[in-house]
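Line order of the protein sequences matches chains P and H.
The first sequence begins at 0 in numbering that gives the first Met the number 0 and counts up one residue at a time.
The second sequence begins at 0 in numbering that gives the first Met the number 0 and counts up one residue at a time.
Quick caveat, the hints were computed from the structure, so don't treat them as lab data.
Not one of these hints is a red herring.
Once the Cα atoms are required to be at most 25 Å apart in a straight line, the calculated SDA-like pairs of lysine to any residue come out as: (1) K102(H) <-> L72(H); (2) K126(P) <-> D34(H); (3) K9(P) <-> E85(H); (4) K9(P) <-> P40(P); (5) K126(P) <-> H38(H); (6) K126(P) <-> R3(P); (7) K9(P) <-> V42(P); (8) K102(H) <-> A7(H); (9) K126(P) <-> S93(P); (10) K126(P) <-> A37(H); (11) K102(H) <-> G25(H); (12) K9(P) <-> S80(P).
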Amino acid sequence: MTPRTPLVLKRIYPVISRDLEQAGVVSTAVRRELLGLGMSPDVVRRASVVCFEGEMNMVLYTRGGRIILLVKEDRVEVLFSDHGPGIADIDLASQPGYSTAPDWARELGFGAGLGIHNMQQNSDLFKIRSRVGEATVVRATILLGIPFF
Amino acid sequence: MQIREIAADIGLEALAVADPGREVAGGYCSDLLSDVLAHTQPGDLWITHQRHLNVVAVGKLRDVAGIVFARGLRPSPEVVARADAEQVNLLISSDPAFVVAGKLYSLLHR
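Looking at chain P on its own, in the form it has when it is part of the complex (with noise of 0.2 Å):
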């Protein structure tokens, strides 16, 4: 278990399915956040790439929901939970060049099936939990460095 750590800022940004015009819209201001907290770059990119892989995955492909952005003393977390439909296999979704993304998606230069991966690459935690027919649940950890050391 991951000792807890005192909550520095918690935001919560509701994200809507299809919403192609504000999409990138929250992980702009994550990143803000992130920069007002004093974050080094390093961490405010990885944040941010995370944070935009996940919400255009949101925004293409559930039926919507919200990121949570956790900042701790020794990590940032952004949390990503919808409202479905699910992802069936994660294994696969998972793999780079894997996609599900229709033709209208693929000509906006989306869909290359890196999604997910370059949430992985970006994160130090990642875990995808997913029930068929109800909701996604992600959770990105970055870590902050060891303190006391």
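With the hints as your guide, set chain H onto chain P.
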């Protein structure tokens, strides 16, 4: 090299230039947003054919020096307004992406 010097040298039209003094370190060509998120470096000039709103967010999140739309592709006023608001440099080249990249490469590596 600053983006304003590069724009003048290789003939880029400025659409939104919030930071004309921004240093350009390199370049990256791609139309796949996840590929750009994974591989651009801060300070790169991103050359692309995509010109919708999300491009501004991707450029901002990766802290690119600017986004260049190749082949004279012009984004909508909403995209330019978003770039102004987010302080992302947007430029257009009438050249195809290959030529823009070639010119930028020669300029940065001469």
